[in-house]
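A.B. asks: Each chain is listed here by its residues.
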Amino acid sequence: MASVSFRDIEKSFGSTKVIHGIGFDIADGEFTVLVGPSGCGKSTLLRMLAGLEEISGGTIAIDGHVVNDVDSKDRDIAMVFQSYALYPHMTVADNMGFSLKLRKADPALTRERVASAAKILNLGPYLDRFPRELSGGQRQRVAMGRAIVRDPKVFLFDEPLSNLDAKLRVAMRAEIKALHQRLKTTTVYVTHDQVEAMTMADRIVVMQDGRIEQIGTPLELYDHPVNLFVAGFIGSPAMNVVSGTLRRAAGDVWVEADGGVRWPLAPTVPGSDGQPVVYGVRPSDLGVGAGERSVPAEVIVVEPTGAETELLVRVGAAEIVVVVHGRPQAEPGATIALAVDRAAVHLFDPTNGTALT
Amino acid sequence: MKRIGRRSIAREAQLLLIGIPVLIWTLIPVYHLFLFAISPRDQATSGRLWPKDPTLQNFQTVFEQKHFYLNHFWVQLGNSLMIAVAVGAIALVVATTAAFAISRLRVRGGRLVMNMALFTYFIPAAFLAVPMYKTMANYGLLNNRWSLVLAMVTIASPYCIWVLKQASDKLPWELDEAARIDGATPWQLFRLVYVPLMVPSLVAVGTYSLLLAWNEYLYGFLLLSNETDLTLAVALGNFLAADDSPWELLMATGLVYALPPAAIYYAFKRYMASGLTAGAVKA
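Protein chains in written order, with the numbering used here: chain A, 1161 to 1517; chain B, 83 to 365.
Simulated from the structure, these hints should not be mistaken for lab results.
As the structure is a prediction and not an experimental result, all values here were calculated from the model.
Treat the hints loosely; a few may be bogus.
Unchecked claim - A partial selection of chain A residues facing chain B, derived with a Cβ cut-off under 10 Å: (1) 1211; (2) 1212; (3) 1231; (4) 1233; (5) 1237; (6) 1238; (7) 1243; (8) 1246; (9) 1250; (10) 1258; (11) 1271; (12) 1306; (13) 1338; (14) 1358; (15) 1466.
What the hints assert, rightly or not - Partner residues are not named here, just some residues of chain B that face chain A (Cβ under 7 Å, in silico): (16) 256; (17) 260; (18) 273; (19) 275; (20) 325; (21) 326; (22) 327.
All C-beta atoms, glycine included, are put in the ideal place defined by N, C-alpha and C.
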């Protein structure tokens, strides 16, 4: 187990700079998820930590030791690849014990470690099989087993669930989380799927274009996104955003959008009358029901999912997603009133996207 | 179901329509080789499709070395074998390590070296024979069986490297990365991951260079002159030195000479199957 620290990390491929001075720390035993759209540099960052990519600038330290010039094999890390990367000519047991074999460990010890890892992952009956004889989920578990047997300082996961089908993905997600709770090994996990990030992480690092947008616990990011990018990226369905102008009159505050729509705001929000802003509200912070400050909306699509119902509605020129518990009586074409939880509304600066609230 | 069946039968028939004439065309010379080999001397060129008195006498003569041209038959067969196996083995070592270095370790300048080696194929091997002779003479290797081994390795290697490099490029890169993280040195990566996965290509390339050396005539003729150093391929050529060549013995020896390659091909065919990497990475 170990801490990891990134200091002013830069990476260039030829003349193209893909990571622009990233720095953050990962505490011992922490489960950190790097998340962002494809091409944001999250995988590159992970591969630099793994020693698979040269570090163009800055330093990476594991357990306080700078590892920039340390070979992958001497960094005491284990990595699970998206494509599993199992050795096809070796059995499951040989795959899992390969790292110990390379280290010339006692075969009895290797067998013991492989057996205990196989037990954790329910791979016991498959130890003598070859990777080609396993399903996708089993292969991914073997890849995890290979990492566990190492007993490394840091686990690295590079989009490990992307090749699995939806149902298996959810199951494996829980399995990886349970594994971490059991082993408490420092983990760095890369994904483009914000749901994976939200459900698994102790702390999330949101990246875009080779920069960190925000670092925080899942709920911090959800409740207090620092900018429009994080607001739109974290949470599903995504936050509704509407451009408009801040209005203050007679003790009331609202955002006036196209078509004269008045989006209500809490009286405590900063900002002056006439200031252009972006109004953001999560689908779950909207409800159906008439009230003093409700917003009229026309229903376009109703998507019942059982416990919840997702409504796509039109408010002025904007299309807004609403998630309500239960089964509201709404027909496409009908006009309903939207109730807004004013305390949960986010305001952003339209010029640079930073949060104002 | 039935329509698919019919379509595949039609397809099969088309292939057979091409395949059967090609097969017959290929087999005709082999048949004549066989025909000569089992004919008595005076009937060898009679033009019959089956000899009047088929005989195995020719083979006996060959095996017992009872003819002027066949005095060293077993030694020469042994030379052929030794040289072919040595060429196959050495070319394999050279090509495998080179392909690994170029494709997996991405050694700087590796591709350039490979392309330069391939460039030698622009010059016909026959033109290189004299320079090769001169080189071997400089190193005092003439009349030494190793000269032929070295020459054939030189000729076979560029193609072998190229084939293996292409095959290596198809191995998933993540396997190397996984092995590196698992703690493998380049040599361990080569031995424990790369070579086992390359077996089908290695067999193909090894067989190729082995047969290339087995069938070589020109270089053997030039570089070796001692009767007891010759390969059987060169010795067979010497049959034609005289006006009254014993055709039936030449063909009987030729038939014997053709058997090991056929045996090698069938022995190794099953290793050439693809699909060894199945299950390594998600396709």
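A.B. asks: If a hint holds in the structure, say so; if it doesn't, say that too.
C.D. replies: Structure-based check of each hint:
no.	hint	verdict
1	1211	holds, 8 Å
2	1212	holds, 5 Å
3	1231	holds, 8 Å
4	1233	holds, 4 Å
5	1237	holds, 6 Å
6	1238	holds, 7 Å
7	1243	holds, 4 Å
8	1246	holds, 6 Å
9	1250	holds, 8 Å
10	1258	holds, 5 Å
11	1271	violated, 17 Å
12	1306	holds, 7 Å
13	1338	violated, 23 Å
14	1358	violated, 25 Å
15	1466	violated, 32 Å
16	256	holds, 4 Å
17	260	holds, 4 Å
18	273	violated, 11 Å
19	275	holds, 6 Å
20	325	violated, 59 Å
21	326	violated, 58 Å
22	327	violated, 52 Å
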